[in-house]
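Visitor: Listed in order, the protein sequences are those of chains A, B, C and D.
Going by the numbering used here, the residue at position 102 of the first sequence is 102; the numbering climbs one at a time, nothing skipped.
Going by the numbering used here, the residue at position 158 of the second sequence is 158; the numbering climbs one at a time, nothing skipped.
Going by the numbering used here, the residue at position 6 of the third sequence is 6; the numbering climbs one at a time, nothing skipped.
Going by the numbering used here, the residue at position 280 of the fourth sequence is 280; the numbering climbs one at a time, nothing skipped.
Hints may contain errors.
Since the list gives no way to pick out one identical chain from another, each pair is judged satisfied if it fits inside one copy or across any two copies.
[Said to hold, decoys possible] Taking lysine-lysine pairs in the DSBU-like style, the calculated list, with each CA pair at most 30 angstroms apart, reads: (1) K189 with K82; (2) K62 with K189; (3) K6 with K82; (4) K82 with K62; (5) K63 with K6; (6) K189 with K6; (7) K63 with K189; (8) K6 with K62.
Everything labelled a hint here was simulated from the structure, so no lab data went into it.
All figures in this text were calculated on a predicted structure; none of them were measured in a lab.
There are 4 protein chains.
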Amino acid sequence: MIVAVKPDADTRSVERALIGRGLWIDRFEAEGRTFFSIAPHSSAADREALLAIPGVESVAIKKEPHPRVRAQAPSISIRGTKIGADCPPVVIAGPCSVESELQIFALAERLSAHGVELLRGGAFKPRTSPYAFQGHGAAALRWLRSAADAHRMSVVTEVMGAEEAELVAEVADVLQIGSRNMHNYALLKRVAALGRPILLKRGMAATIDEWLAAGEYCLLHGAEYVIFCERGVRGFDPSTRNLLDLGAVALLSGVLGLPVIVDPSHAVGRRDLIPRLAAAALSAGAAGLMIEAHDDPGSALSDGPQALSTEEVRTIVAMTFGSAVLTDKEHRHG
Amino acid sequence: MIVAVKPDADTRSVERALIGRGLWIDRFEAEGRTFFSIAPHSSAADREALLAIPGVESVAIKKEPHPRVRAQAPSISIRGTKIGADCPPVVIAGPCSVESELQIFALAERLSAHGVELLRGGAFKPRTSPYAFQGHGAAALRWLRSAADAHRMSVVTEVMGAEEAELVAEVADVLQIGSRNMHNYALLKRVAALGRPILLKRGMAATIDEWLAAGEYCLLHGAEYVIFCERGVRGFDPSTRNLLDLGAVALLSGVLGLPVIVDPSHAVGRRDLIPRLAAAALSAGAAGLMIEAHDDPGSALSDGPQALSTEEVRTIVAMTFGSAVLTDKEHRHG
Amino acid sequence: MIVAVKPDADTRSVERALIGRGLWIDRFEAEGRTFFSIAPHSSAADREALLAIPGVESVAIKKEPHPRVRAQAPSISIRGTKIGADCPPVVIAGPCSVESELQIFALAERLSAHGVELLRGGAFKPRTSPYAFQGHGAAALRWLRSAADAHRMSVVTEVMGAEEAELVAEVADVLQIGSRNMHNYALLKRVAALGRPILLKRGMAATIDEWLAAGEYCLLHGAEYVIFCERGVRGFDPSTRNLLDLGAVALLSGVLGLPVIVDPSHAVGRRDLIPRLAAAALSAGAAGLMIEAHDDPGSALSDGPQALSTEEVRTIVAMTFGSAVLTDKEHRHG
Amino acid sequence: MIVAVKPDADTRSVERALIGRGLWIDRFEAEGRTFFSIAPHSSAADREALLAIPGVESVAIKKEPHPRVRAQAPSISIRGTKIGADCPPVVIAGPCSVESELQIFALAERLSAHGVELLRGGAFKPRTSPYAFQGHGAAALRWLRSAADAHRMSVVTEVMGAEEAELVAEVADVLQIGSRNMHNYALLKRVAALGRPILLKRGMAATIDEWLAAGEYCLLHGAEYVIFCERGVRGFDPSTRNLLDLGAVALLSGVLGLPVIVDPSHAVGRRDLIPRLAAAALSAGAAGLMIEAHDDPGSALSDGPQALSTEEVRTIVAMTFGSAVLTDKEHRHG
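Excised from the complex, chain A in its bound form:
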């Protein structure tokens, strides 16, 4: 925003009033006129309230860049499970990649028993090295759907390329766009056109504005709903892998009223820190958690070191029940 001060007003008292509202300002002068620009990291400000400050002549604003994202409902119901900034938090759990029919059925059974309502699992795996395991594809999708159906769970899985979008949409309740594809506008359009809810992971160095813009793409091109997912951004210190940005989570959930799922598994990459970061994410306002689970991490075909056992996932689920906004599990299905 740009605040223009009336020519004869007391600029210092306008300045105090702006700072008093939690705004970081810069002051600009021209031929007896004073303007204040408001930095993007300021507290949320209401234009009408600023106009009411004595001495303020006008408050100019930028065109809202993400109108559809801002107009979204605060929550969505996926097969009866509500996900949103105003709902009890959910847990999405499952293996990094679906490795066999047996594996995903066994995991689904245990995860469901522990209270997990959304099952995740990769069918097409994007790996940095072209020589690493790339996923079981279409077969994995079918196993995932059957395993979920057997326990009345919903399926969240990633679409890696436009050519597999329809295939994935046949089985998935929520279509995931991965971090590496957040800026892949061709894929966003194609997946959005399927008219389904999208779980949009933040790009590894995407600003919040770029992330919201990707969400706007999805909604503009037909997506039913966009759930955001923070999974850590690229930092300078390898000792905690990625940097989980809970400030962004607090901003999206607390100020913009948007649903944000947090993926602590990819964020921190090490099993022993996941429970603490999961708890922190819930405190920051996350609408839910996405957790990698495996029953034998040592033999996982991908990302074994960050997978939790189903027992550990149970502890994570218990955390969400302890969360302030939650009353009981049934409430979610109400």
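Go by the hints and put chains B, C and D onto chain A.
Guide: Frame of chain A, contents of chains B, C and D only:
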């Protein structure tokens, strides 16, 4: 660590066992020998446990770079208030800079009434611009001490330069080293030599290893104790100012058993997100919170937009009482 | 690499020999055995040379992760213009987006007259905002090809999505993968399968290793050749937009012998710094430059502020002629 | 800057004119009024020129935050060697730390013979680990001065702490402030008060604005002159250690007319890339280079892997003679 595999062992089974323990490994081969290096972002690993894996010949380790930090007691008592990874969390609150005797007395009274036991306030203010307010110096120190004494509070304040170290030590219970001075080894030595507890803020782009090394400097040169303080690192997105690194907090408190205070005020810079990030910090394992407070942020001489009112600080203190490890306020003084 | 020292050797003399070769090492000890690990930012080291150091028992290495990239020829000829680490540098120039037939013909004529041999221009434009101009698509591709043919230029243009890959391949001599798609493995495979040379832009926060891995994907899946393109990585200071990583350029061209084009337009974003950074890129070993050009930047439909006039491009071309490795323009066609 | 458009003017034509000048703008609207804010990464803009655009009502500016830095002369003469944005580039070379009298005398002799006019060397060494070699202190200073005097060289050395400032000032021609101390305002004031020229290294994550502000501190508190020194900023990829920011060098030297020395040794850390980055720095407009030199890097007490031999320094000096702005060595002493 480097794990050497016995020449005739099954390298794949050693590999699985390492991954199964949450370790990210790289594999190296030489003339029929196999070695695994373990990445720094791996889960904590015990050398004896790795040696017990069938097929492992030896596990080589680096010399512990921070022996004094690792040997520190888990907590310290400051005038009866215990601070540590295993204690109920504390709140350190006060103005960015001490602006007048009246101001600091009024704030101390209200903060104390709300349960704050440690009073902070800047006497010598390091500001990026040389033309900004630089603090009231020695007078501010005296006001701070008297205000704290009037309410049986402890004083935490920053030492900016070697020449003022003794002066600060006369009034402060805990000597703070600011972010901008974490790498200032001359100052670390000088302050450490005073033999007092130090609150060591993390440098704005310091790795965890550099931060611990700075703590080691302090202990080696005579500091009584080092309390670490995370205040956000430099990120690429201005819309949340700094990036609060709660992964580092979880690592220091949960794995290394070190006390870490979190400063959400500097981390996020905007008042409306501070409560959520304070809650997240406690969930991640913070030993306490450091909060900027002011009764009229609009007229603050520095950092007004991020200051909370004393009423808002009361809510933050209530959070720490709700924290799992806390039983009651008296317990702390026990 | 991991260097194992013989049990009875003088470990200090091995250490000196390693440091003396420009290697940053870490020392690990186990039951009387000493190992050194070599950091990735070390000078290039030859395994045989390290084995020849007295006291070294073995030198273990990781499997080469990018064998096809490392085996690539040092240069490629595109319609007679050679591009490579060992060739005179080339200039690829043109508008951010092709705005009209007239525009691209006029630009091609002038750029060709100034010595530019490769014409670039966007047909499908990925824009952060879904409401910004998205390109003229198929028509733009035809105009681009005709304009290039009229002046015997080659065409470099971006493939944004799998569905347009064949269409682009009909007109382009080099298929560009943009920064935002470097991690889009589905697109890499699809474009690679066309069997053509690829210009692979580095992702905005991609490590060098991830960049090379993306190149390996392309070669594994059928690409004829991969030319790398550095365009600035995401940094923490908005005042120079992106951070041009010329260390990466020096590494790829000088140590790995790979062709790297530098795009200073996107890196720095401001017209007045482009010539200096173009010169610096050539000094660092760039195989060429990619420059945005427009004849009326104020009316450009995208990225006007960073477009150079054709006159300014002439100066850039002159720079490449002044470069040490260049003898004459004809030589390139030899 | 903020550009206010006249109420009845054609805002689109004002917009075009701004973009046409290389400016990145944001548009703000209020009750029929239009304002444009100009982003900091825009090309340099002259206020008068913007006021002359038809339709512009006023152009508001921020108070110049660094008036003394902006008012500095473009160059300074150190014992006859001119250093500045408009002078032939200089080379400052020497060991990371002064290890013995013999060492520094031998190095000074060879470096001088190769054309180096400024000798560097650390007397008090700030090391991340408190257990690493910390320098020979006062003795090293005397050796450094004598060695320089024997060959009519100037001395550049770092002041690590306020207590040693006078001592260093007795021998040094230029007082260096290291990266880790750029934000150490107490030290800046103390060193500045000595009234000598300062070489101010950029903090490892300092924005350009913070770097200039530190320079302003120095000039405000008495420094004779400030030479800036870029040494790489912290990035996310360990494989090239730090990220040399030549965009910042081009900005300071080419737009602001300030002298910037580049230290490629610390930036890239690996010997084999230093010559290419040195050449790139000169092309970007560096006023000189700072190079670590050692005659037996394997036995260096600090930073051996990045030290060049004196022979290699000769090649670097030759580069500066080949630079466009240089005529001959004598010219510098003219």
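Visitor: Each hint should be assessed against the structure and marked as holding or not.
Guide: Going through the hints against the structure:
1. Proximity of K189 to K82 under the C-alpha cut-off of 30 angstroms is restricted to the intra-copy arrangement: shortest distance 25 angstroms within a copy versus 37 angstroms between copies.
2. In this assembly of identical chains, the alpha carbons of K62 and K189 lie at most 30 angstroms apart only when taken from the same copy (25 angstroms versus 40 angstroms across copies).
3. Taking CA atoms no more than 30 angstroms apart as the test, K6 paired with K82 passes in neither setting, with 49 angstroms inside one copy and 51 angstroms between copies.
4. In this assembly of identical chains, the alpha carbons of K82 and K62 never lie at most 30 angstroms apart, being 33 angstroms within a copy and 47 angstroms across copies at closest.
5. For the homomeric pair K63 and K6, the shortest alpha-carbon distances inside one copy (23 angstroms) and between copies (19 angstroms) are both at most 30 angstroms.
6. For a Cα distance limit of 30 angstroms, the shortest separation of K189 from K6 qualifies neither inside one copy, at 46 angstroms, nor across copies, at 40 angstroms.
7. Taking the shortest alpha-carbon separations for K63 and K189, only the intra-copy value of 23 angstroms comes in at or below 30 angstroms, while the best inter-copy value is 39 angstroms.
8. Both within a single protomer and between protomers do K6 and K62 lie at most 30 angstroms apart by alpha-carbon distance, with minima of 21 angstroms and 18 angstroms respectively.
In terms of the numbered hints stated before, the structure departs from hints 3, 4, 6, listed from lowest to highest.
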